[in-house]
Structures are given as structure tokens and as C-alpha cells.
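Engineer: Line order of the protein sequences matches chains U and R.
My numbering puts the first residue of the first sequence at 9, with every later residue one more than the last.
My numbering puts the first residue of the second sequence at 55, with every later residue one more than the last.
No lab work stands behind these hints, which were simulated from the structure alone.
Think of the CB as a built atom: it goes at the ideal place given N, C-alpha and C, for glycine as much as any other residue.
Take the hints with a grain of salt, since some may be wrong.
Stated by the list, open to error - FRET-style restraints, in silico, Cβ to Cβ:
| id | chain 1 | residue 1 | chain 2 | residue 2 | range |
| --- | --- | --- | --- | --- | --- |
| 1 | U | L43 | R | R176 | 38 to 46 Å |
| 2 | R | T148 | U | V42 | 24 to 32 Å |
| 3 | R | R432 | U | L43 | 50 to 58 Å |
| 4 | R | E209 | U | Q164 | 48 to 56 Å |
| 5 | U | E71 | R | C162 | 25 to 33 Å |
| 6 | R | K127 | U | G145 | 30 to 38 Å |
| 7 | U | G145 | R | P114 | 39 to 47 Å |
| 8 | U | V42 | R | L130 | 54 to 62 Å |
| 9 | U | G145 | R | S442 | 51 to 59 Å |
| 10 | U | Q116 | R | R476 | 53 to 61 Å |
| 11 | U | M19 | R | R176 | 39 to 47 Å |
| 12 | U | E71 | R | K127 | 43 to 51 Å |
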Amino acid sequence: MSFIALVPGQMVAPGLLVTIGECVSRTIGLSVRVLEPILEPPEAYDPQRRQYSSTAILRLLIELRPQEAARLVAITEQDIFIPMLSFIFGQAQLDGRVALVSLARLRQEFYGLPPDEEVFRERACKETLHELGHTFGLTHCDDLGCTMSLATSIQQVDTKSATFCPACTILLAERLGRFGRSTARPSEEESP
Amino acid sequence: MKRQWKILVVDDEEVMRESLAAWLREDGYTVDTAASGAEAIRRVTADDYAICFVDLKMPPGIDGIETMIEIQKIRLDMPVVIITAYATVDTAITAMKEGAQEYIVKPCNPQEISLLVERIIRMKNLERENLLLRERLEKQYTFYDIISKNPKMAEIFELIRDVASLRSTVLIQGESGTGKEMIARAIHRSGDRVEQPFVAISCAALAESLLESELFGHERGAFTGAIERKKGKFELADGGTLFLDEIGDISPKLQADLLRVLQERSFFLVGGTEEVQVNVRVIAATHANLQEKVRAGEFREDLFYRLNVIDVRIPPLRERREDVPLLVRHFIERIALELGREITDISEGAIRLLIDYDWPGNVRELENALERAMVSCRERVLGAENFSFLVARAAEDERGWTPPGTQTLAELERKAIEATLRRTDGGVAEAARILGIDRSTLYDKIKKYGIKRG
Ligand SMILES: [Zn+2]
Ligand SMILES: [Zn+2]
Numbered sequence: 009m010s011f012i013a014l015v016p017g018q019m020v021a022p023g024l025l026v027t028i029g030e031c032v033s034r035t036i037g038l039s040v041r042v043l044e045p046i047l048e049p050p051e052a053y054d055p056q057r058r059q060y061s062s063t064a065i066l067r068l069l070i071e072l073r074p075q076e077a078a079r080l081v082a083i084t085e086q087d088i089f090i091p092m093l094s095f096i097f098g099q100a101q102l103d104g105r106v107a108l109v110s111l112a113r114l115r116q117e118f119y120g121l122p123p124d125e126e127v128f129r130e131r132a133c134k135e136t137l138h139e140l141g142h143t144f145g146l147t148h149c150d151d152l153g154c155t156m157s158l159a160t161s162i163q164q165v166d167t168k169s170a171t172f173c174p175a176c177t178i179l180l181a182e183r184l185g186r187f188g189r190s191t192a193r194p195s196e197e198e199s200p
Numbered sequence: 055m056k057r058q059w060k061i062l063v064v065d066d067e068e069v070m071r072e073s074l075a076a077w078l079r080e081d082g083y084t085v086d087t088a089a090s091g092a093e094a095i096r097r098v099t100a101d102d103y104a105i106c107f108v109d110l111k112m113p114p115g116i117d118g119i120e121t122m123i124e125i126q127k128i129r130l131d132m133p134v135v136i137i138t139a140y141a142t143v144d145t146a147i148t149a150m151k152e153g154a155q156e157y158i159v160k161p162c163n164p165q166e167i168s169l170l171v172e173r174i175i176r177m178k179n180l181e182r183e184n185l186l187l188r189e190r191l192e193k194q195y196t197f198y199d200i201i202s203k204n205p206k207m208a209e210i211f212e213l214i215r216d217v218a219s220l221r222s223t224v225l226i227q228g229e230s231g232t233g234k235e236m237i238a239r240a241i242h243r244s245g246d247r248v249e250q251p252f253v254a255i256s257c258a259a260l261a262e263s264l265l266e267s268e269l270f271g272h273e274r275g276a277f278t279g280a281i282e283r284k285k286g287k288f289e290l291a292d293g294g295t296l297f298l299d300e301i302g303d304i305s306p307k308l309q310a311d312l313l314r315v316l317q318e319r320s321f322f323l324v325g326g327t328e329e330v331q332v333n334v335r336v337i338a339a340t341h342a343n344l345q346e347k348v349r350a351g352e353f354r355e356d357l358f359y360r361l362n363v364i365d366v367r368i369p370p371l372r373e374r375r376e377d378v379p380l381l382v383r384h385f386i387e388r389i390a391l392e393l394g395r396e397i398t399d400i401s402e403g404a405i406r407l408l409i410d411y412d413w414p415g416n417v418r419e420l421e422n423a424l425e426r427a428m429v430s431c432r433e434r435v436l437g438a439e440n441f442s443f444l445v446a447r448a449a450e451d452e453r454g455w456t457p458p459g460t461q462t463l464a465e466l467e468r469k470a471i472e473a474t475l476r477r478t479d480g481g482v483a484e485a486a487r488i489l490g491i492d493r494s495t496l497y498d499k500i501k502k503y504g505i506k507r508g
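Bound-form chain R, shown alone (with noise of 0.2 Å):
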């Protein structure tokens, strides 16, 4: 199996590339070689590789992680190995984030990347024999990591490309767990505004007045603990993009600010006078239907149609069951790779529970689930055994409408808020979108019935 395969070793530096390519080629892989980021990229624009080790440091132009990046624009799914030295191990960190497939600090030990190698080569001969099978069964869509055959998702997907250089504003609206930020991000990558950076922001996730300063900065002295000036994350993207999510939750007064900076590109420091000029791509996420808090009064509709201009909504996985299996797949390698495991399939009745399953939390869920059925699996394939919380959490949800019995309405109530809870892991603004209230209205009732969170 290893000499159908090529690995690719990018490094400016001669010695490294080549010596790292002969200790390879001993091991039977046909290897090439690129010594600057450009060369790299013509290489894998003209040939497939299993791996592309890569140099961290490379002279200006373009260096590791733009190289990293762009091969993965050609080919999104290409492990990318990067290569880097002590000094450099926290942008090594970043580049992991980026989508590095793993890192490497040199000089290491042999067995160490032999090890990697081997790994790699597993997982790819797996894929490539889940490919074949695919092939003959049915067209794929990837976009960059979101993988789909949903022709709604399709749909997304080339709206993607045709918006991406656009510098209008983005609302994505789909259900927790749908991949929001996934679809933000490959809009930034595909855009011209790749090299600048891309910002993101939960705006649940803080208070208003925390929230304030973080999207827009706060001037030294605006409030007590505020003792320097601080960038906001319109300040941070400036030239790139910022990422809005659950945009919903916004308080009036930030609406209006947000507004305001929408429509004259430009926003004050909290506590400040100065006006700060920013070049920003604004991308917002929402898990509630906008259009009905408009209605309902809670949402500015001039923000609405500012925000709105491009519209991506993202059927929730239960609308898009042909993408489960798929996406198992996905996982299964990525997480065997992280775990070091060495699972590699789940069984025929694995996968029709959880085609079956409803995912309330989407993506997430389903990924997280299988992590979780991964960490406790003995066998090198997965069985419906390993997901037996799954059906625990439907026989939850079943067992949560059949019997009112004698349990008055309130008690109801607080027994619905506790088994949601519990299945968001604590997540308020999550188990609020479940039930179908307001956060705050949750996080009354949480106070009422004094419900104990996580």
C-alpha cells in the first residue's frame, strides 16, 4: 500500500528537505520535494499527495501556514504535517487550528515520525477505500471542511464562492451546532480577504456592557478596570473579516450601535471621543428565526436588512439524514487521528441509529457523540453498543411528554428545563432555543424553581 502513495517535504532549507526526503524514500514512499511555498503549490495543484510535510519557516512571501493554507484550498482534505523548531511551537499551536493535520518540533525522534507517517498512511489507504465506495454510490460536495451531498448545501456552497470577494454583509441562520462559524470561515478563505484576519465573537456569551468594549474597544479610563486602551474586534479585523455569532441576544443599545457602524463604517471607543475608521466584513450568525423577533419587536428591522444582505440558511442535520454517513466517516478518521486509535469503521447498525436519530445540536452533537462513543470503544469497529447514551437521550425526550400523571403543570415544567439542561451540558442559551424560550426567560424560571445548572 505505501508506494501508490507520494508525500511532499517543503522546506526552503536544502539539507532539511532532501535528507527528510531520503529517510523516507527508505521507507518506500515516493517522494518529492519544493523548496519554497509556490513550488509547493504547483506541485499539489498537479499531484496528489498522502502528506505534505512543511517548513513552519520559510523567507517572507509566503511562509508555512499560508502554504499549509492554500494547499488546502487545492486539497481541502490534505494532511498537512507542519514542521517547526522549539522556538516556534505557538504559532505551530495556531497552525493546528488552521487545519495543520499535526506538528512536528525537529530535530525529533525517528519513531516518532515514522509513527505519524504510518498513521497518516492508514487513514488515507481507509479513505481511499471509503472514496471508491462513495464514488460509485453517489456525488459529494467539500467545502473546505464542511462536507455535504445535501443539494441545499450545495447551494450554499456555490453562493459562497460567488459572494466571497463581495464586501457585503452575511447573515447565517441555522440551528446550534450547524456549523455557523465553518461557513463563515470558508467565506473569509475563499474571499480576497484571506490574508487578513478573521475575528469571531459569541455575543451570548457576554454581558452588554462586556460586550460593548469588546466589539468596540474601550479608551484608557472609561471605566474602573479599564487601564489601558483596548482594541475592540472591529478594531482587531480591520482589513478582514468579523464574525458575529448568535447576533439575536444583542440588546437594543448594541443594536444601534451595530447599526451605526454598519451604515458609516465607522464607531467610537467606549469612553472615547475619537472616531476609528474600519474596512470590516461583517458575517452574522443567528440560531433564531430573525425575522420573527423583527415582528415581535425585539430585533431592529434596519439592522435585519443591513445584516441581511446575503442570506445562507443551514438546514439542521435532521433535514439533511444523507449527510450523517458521511460525516460519521469524516469524524471517525479525524478522531481516531487525535485519539491515536486505531478505529476504523462502525457497524451497518451504528450508522442506522444514528441516521435515525433526530441531532438536536446538529454537527456538534453528532461529532461530540461520536468522541464520546470513540473514548469507550474497545474494538477497532464502532457498534450501536457504544451509543447507547444516544438512545438513553431519546427514550429521555420520549418519556418527558408521555406521563402529566399527577405532576402539576410547574412541576412539568421544571422537570422539561432540568432534562434539557442536562443534555446541553448546562447550556442555557442552548436549552433555551431546545424549549423554545427566551434566554432570560429560562434563566428566570432556572432562579424560580432554583434548578442547579451542569
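Okay, chain U solo, but in the shape it has when bound (with noise of 0.2 Å):
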């Protein structure tokens, strides 16, 4: 039986991993687990930009995947980058098997806002779903209220709902192998 590991970075709190965890097997319709936290590898902070390399977390992370697991997320509370871009709320590996959220920019108040501890979990899950659809090989949707629409802003990410689209609905279903053959790399870990 295969399953999603959740990992948290450093302080992200554990009542927030078990709505990120519920959010995701009512989803994606496969069970969760969480792993033991880890430390985001010092190597990967840029001091300069005070931010950490995304590219060499997800590194880490393709090392640390557990071989029954058919995918891995990790939640970190830092903020994170690729070097064209000033920042990005997460990345996958397309079609892989790892993926990373931030939280860094996904509370009320990194905007000067008062805290809103609701509007901050469904935007983590938002994300956390929209990574891991990566990971299955989905790309950005146009609906704008699908989970696999690309944000590059906080009012985007605000703007989509915690779930996917018809569309991208059949096609997670299809990668996962639940309607008869998958069309994408069978694989006896994606099957439930």
C-alpha cells in the first residue's frame, strides 16, 4: 500500500500538518503520513538573498524519500527561491516523486495583515495539492478556481479553491490508475 509522506521543516506546527494531511487523502484519495521533521540543509540558504535555494531542498528530499512512498512533500516555514525568480510559493519535480511547499508568504501577515489562521491553512493546502498534482505529471490549468492554476501572487493563490477542476480531475485519476489502465507510467506504488 502505497502513501504520501508529509515532511516538515524546522517549527512548522504539527496541527497544521494534520489539516494539510486530511486535506490531501480526501483529495487525492491516498492515505498520508507524516515523517519525522527534518532540518533544511544549511547548504541550501543563500545569505545574500536570505532565502533557501529550493532546487537543493528538493535534492534532499529525492534522497530522503522512503521507497514505499509514492510521493514526498515537505512544509517549510522558510522562504523559498530558484535563482531567476524573486521567490516562489513551491516547487515539484514534474512527473517525479518529491515536491516542496513554502509557507513563508501564505500568512495574513508576511502582507501587514492581521493573522488569519484558516485563510492561511487553506492556502497551504492549496499549495500542497497543487505540487503534488505537479508530481503527477499536471501542468498549470487555465480555470482560475482549479488548484493547478498557477499563482504568482497571494490574491491567485486566494483566488483558486482547495480542489481540482473537472478536467484536471480526470486526469490525476489517470495518472493515478484508478479508471482501469493509467496512461502514465503504471506503476505499482501509484496504484491504490
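Build the complex from these two chains, which are given one at a time in their own frames, with help from the hints.
Structural biologist: Written as C-alpha cells, this is what we have:
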């Protein structure tokens, strides 16, 4: 029985992981296991940008993923980047195994607003589903309400929902091999 | 529409290259990467890309700008986005002048790059649609930025290819706005001097003494204000190409000096005694009929023959009206990107109007007209109403001819000059050409009638 592994970085609240885990297993239909927290690798830290290199963290995650985990998503409090961009909300190996979601820019406080735990959790769920979607080979969706639509600003994160649109749901199901034969890389681990 | 487009990311730095590629792949594009300019050129030769992201800073050999120039030699309309760091923004601006679609300062906001990609892809989709349409219609010739399906232009393109690597002087004749400098650049870029400087100067813009020192440079103390030795355009263009625009306007003294450089391949700085050797290919251009000037004794015959080794005559736009629709679409795409406007098409009526108009200012006037129309356009499609100023221009021309009435010849002349200057936005050289008189004569008349310019 394959599962999705959630790995918290330093200081990620356990309650949040429960919320994300429930959301993921409800939406994707695979069981979720929360693994031991990890330390964001110090070599991934860019002191000039005061951010973590998303690529460097992903590299570590590839090594960390247990054989039995179909996918591994790390949730970090750190602000992450790729060299070209000032920040990213998350990054995934497209059609791969691992993904990373940053919580740094998902809180209202980041934008100078009063805290709102519910809004924050909702955003974290959306971004986790989105990055997981990428690991299942889904690319960005033109449906702005779909969790797979591209968000480059917090407004866009808030515009979309924590669900896949009908088209993405079908694609995801195909990738998961739930409807008969999987069209994408069939693999034992991915069959529920 | 996304999935049919490929994007190329060129950067020697692996993390940079691969992470941008991954980010674009998540957006649904097929992305190839190249770790060097040479690899990029190989890829572009083998495959078609919608966008090339090229990092400005790559190791010596072939840097970002060179890569871009080479890429655009292979696919001349390839949108190249130059990636730069803050420190090199100046160079990026130079890159824009060399033909980069856009430049991005890294790290940039994700929204910025996503909008940029979207905009270019939208243009590419449009382009592809138009291309499919066009292909069915007729063969089209493009050479660098010059677009035409006129057979005379095709001959010119062929000539350019043949003579690009020679040292022979080229004389380009054509009305204002026909793109003489673009032809000169195309010659430079397709030849073996491409790595060397291309230096352009308009001989009409400057007074004789200034032009002399601009061309040949001056020694320290050559005249009041000459604080240090200054290199002239000939020296700056050494090894490359010097483009002398409006050559028909230079004084007899400069004609003699120029003839000497062309013959001796050397010259003296203003106020200097030391002879400077140069290896420069001269491309001269003029809107005037130089042969007529020679006959009238205004231009040295020997200089004319020195310049006219290779003779390129660009037909005015009204003699190649079949190019108007092509140019219009090309400019709409470009200007829409520049203005960040979603204008994607032009109405049948508007196209007809543009084809019928005489374009005294040629391609440049067409480009300006489109820009003016697009700025005022509130729709996605340009309509005839956006070009009402052209109708007014044409009507004004006609009114100028019809009612002599009770006006004296002097009054008519004054009005004609005023109207023409309005049309050229105060440009005396162009007004003189339209009126068919010398610039100096026009200056005299402007003074005589007390006409205010611009
Ligand atoms: Zn995404
Ligand atoms: Zn969707």
C-alpha cells in the first residue's frame, strides 16, 4: 500500500500537518503519513538572498524519500527561491516524486494584515495539492478556480480552490491509475 | 495552445538554467536547455522555439548578446529575452537595441515573467495563424528585420548576401523612411565584419565643422573646447562598418576629405599631423538623387563613383504596396508588445485605407501611423476610424493644390512650406525633399516668411 509522505521542516506546527494531511488524502485518495521533521540543509541557504534554494532542498528530498512512499512533500517555514525568481510558493519535480511547499508567504502577517489561521491553512492545503498535482504530471490549468492554476501572487492563491477542476480530476485519476489502466507511467506504487 | 510551443533556456549556470526550465515546464511548455551559446545555436538550427531565454553573462567565446545575434540570424523573428543581473542592465539595454524582445533582471517577480511569457506566446499564436494564412497566399521574403514580398526587394536581399563580406563601398539610395539604415545593418550583420563595430552617423544633422570632427576626430586643442583628443567615427568603426547617412548633404570640403579616406584608407585628425590608418567599410546613403547632384555640380563625380561601387536602390513604399499588409501585421505585433496592449488585428477597411495611402514618409511613416493609431485604439482590432489623421493628411495635400484663388504665389509658397513642415513635425531635411528644394533654400524661405517650425 503506497502512501504520500509529508515531511515538516523546522518549526512547522503539527496541527497544520494534520489539516494538510486530511485534505490531501480526501482529495487525492491516497493515505498520508507525516514523517519526522527535517532540518532544512544549511548549504541550501543563500545568505545574500536570505532565502533557501528550492532546488537544493528538492535534491535532499529525493534522497530522503522512503521507497514505499509514492510521493514526498516537504512543508517548510523558510522562504524559498530559484535563481531566476525573487520567490516561489513551491516547487515540484514534474512527473516526479518529490515536492516542496513554503509557508513563508502564505500568512496574512506577511502582507501586513492581522493573522487569520483559517485562511493560512486553506492556502497551505491549496499549495500542497498544487505541487502534488505537478508530481503526478499535471501542468498549470487555465481554470482560475482549479488548484492547478498558476499562482504568482497571494491573490491568485486565494482565487483558486483546494480542489481540482473536472478536467484535472480526470487527468489525476488517470495518472493514479484508478480508471482502468494508467496512461502515464504505470507503477505498482501508484495503484491504491 | 501552450503545449505546441517550445522554449529554450540558455545559461552556462546549471542551477539557474534547470530551475527556470522546470518552472516553465510546470506551466505546460516543452523546454530545452543549452549550456553554451554554441549549443544554443545548434538547438535553434534544429528546432523551432517560441522564446529563447538567454543569460547575458556567459563565459568568453560567445556571450549572451552574440548568442542572440546568431540565433536571430538563424530565426530572425525569434523572440529573445535577455536575462541579466542588476550590474549589467546597461548592456541589456544595448541588447534591446540589437534586437532582444525584452530583458529581465534576475531575480524577478514570478508574475512578471509569467506575464511576459504569456504575452509572447499570445503573439506567437497570432503570428502562426497569420503565417498559415500568408503561406497560402504568397511567398514572402524576409531579411533580418526587413519584410517584403516585392521582387525588387528580394533582389536587394540577394545582392546583400552576395556583397556582405566584400570591402567595397555601398551606396544606398531611397526616400526618407525606406529603411536605408536597416539595409546597411543587414549588410554588416551578414558579412564577416559582424563581430566588429557598426557605426552610424547622419551627415545632415550637423554643421560642417562639427561633422568634420565627428567623422575624423580631433586633436587636443584643435579648436576652442577641444580639451582632449577625440576619436572620430572612422576610428571608432575601425575593422567594421561606417554608415554615412544623408551623404548628399555634405560640403565640398568634406567631399574632398571623404574621397581621400576612401582612396588612401587613412586620414588626419582635425588639428593633427599624424596620419591614422583605418580599415573601414563605408556604406553611404542618401534620399537625394546623387547622379543629378553630380550633373548639377553639387556633388563630386569622383566621390560618387567611389561610393557607388555597389548600388542599392530601395523602392518607396508606394511602389511596393503589396508589402503594406505584411508590414502592418509585423508592426502591430511589435507595437502591441511594446505598449503591452492586446491589439491583435486590423479591420479590412483600415488595411485598405493604408494600402491606398501614398506614404511620403515610407515605412517609417507607416510605423509611426500604426503606433499613433494603436495608442488611441480602445478595441482589440484597429479600425479605419483610428487612422482619421491620415485621411486629414491626404485631404490637406489635396487642398494645397486646388484653390489658388486670390492668393499670391508667395502666400501659396508660404502655406505649402508650413503644411509640409507640419507633416514632417518640423523636419527640414524631409520637408525639403518633399518640396523638391535644397535644404539651404528651404532655410532661406523659412527665414524670409518668418515661419515657426514644429
Ligand atoms: Zn505550479
Ligand atoms: Zn484544472
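Engineer: Quick check on a hinted range of 48 to 56 Å for E209 of chain R and Q164 of chain U, using CB atoms only.
Structural biologist: Holds, since E209 of chain R and Q164 of chain U (Cβ atoms, about 53 Å apart) stay within the stated range.
Engineer: Verify the CB-CB distance for M19 of chain U and R176 of chain R against the hinted window 39 to 47 Å.
Structural biologist: The hinted range 39 to 47 Å holds for M19 of chain U and R176 of chain R, with Cβ atoms some 42 Å apart.
Engineer: When you take the CB atoms of E71 of chain U and C162 of chain R, is the distance between them in 25 to 33 Å?
Structural biologist: holds, 30 Å
Engineer: Is 53 to 61 Å a correct range for the gap between the Cβ atoms of Q116 of chain U and R476 of chain R?
Structural biologist: holds, 58 Å
Engineer: Given the hint of 24 to 32 Å, check if T148 of chain R and V42 of chain U actually sit that far apart at their C-beta atoms.
Structural biologist: violated, 53 Å
Engineer: That 51 to 59 Å hint for G145 of chain U and S442 of chain R (C-beta), does it hold up?
Structural biologist: Holds: the Cβ-Cβ distance is about 53 Å, inside 51 to 59 Å.
Engineer: Has the hinted range 30 to 38 Å been met by the Cβ atoms of K127 of chain R and G145 of chain U?
Structural biologist: Holds: the Cβ-Cβ distance is about 37 Å, inside 30 to 38 Å.
Engineer: May I ask you to test the hint 50 to 58 Å on the CB atoms belonging to R432 of chain R and L43 of chain U?
Structural biologist: Given about 56 Å between the Cβ atoms, the range holds.
Engineer: Just to be sure I understand the hint, the distance between the Cβ atoms of V42 of chain U and L130 of chain R should be within 54 to 62 Å; is that true here?
Structural biologist: The hinted range 54 to 62 Å holds for V42 of chain U and L130 of chain R, with Cβ atoms some 55 Å apart.
Engineer: Check the following: the C-beta atoms of E71 of chain U and K127 of chain R are separated by a distance inside 43 to 51 Å.
Structural biologist: holds, 44 Å
Engineer: With respect to the beta-carbon atoms only, verify the hint that L43 of chain U and R176 of chain R lie 38 to 46 Å apart.
Structural biologist: Roughly 43 Å apart at Cβ, these two residues keep to the hinted range, so it holds.
Engineer: Can you tell me whether the CB distance of G145 of chain U to P114 of chain R sits inside 39 to 47 Å?
Structural biologist: holds, 40 Å
Figure legend: structure checked against the earlier numbered hints; the only hint not met is number 2.
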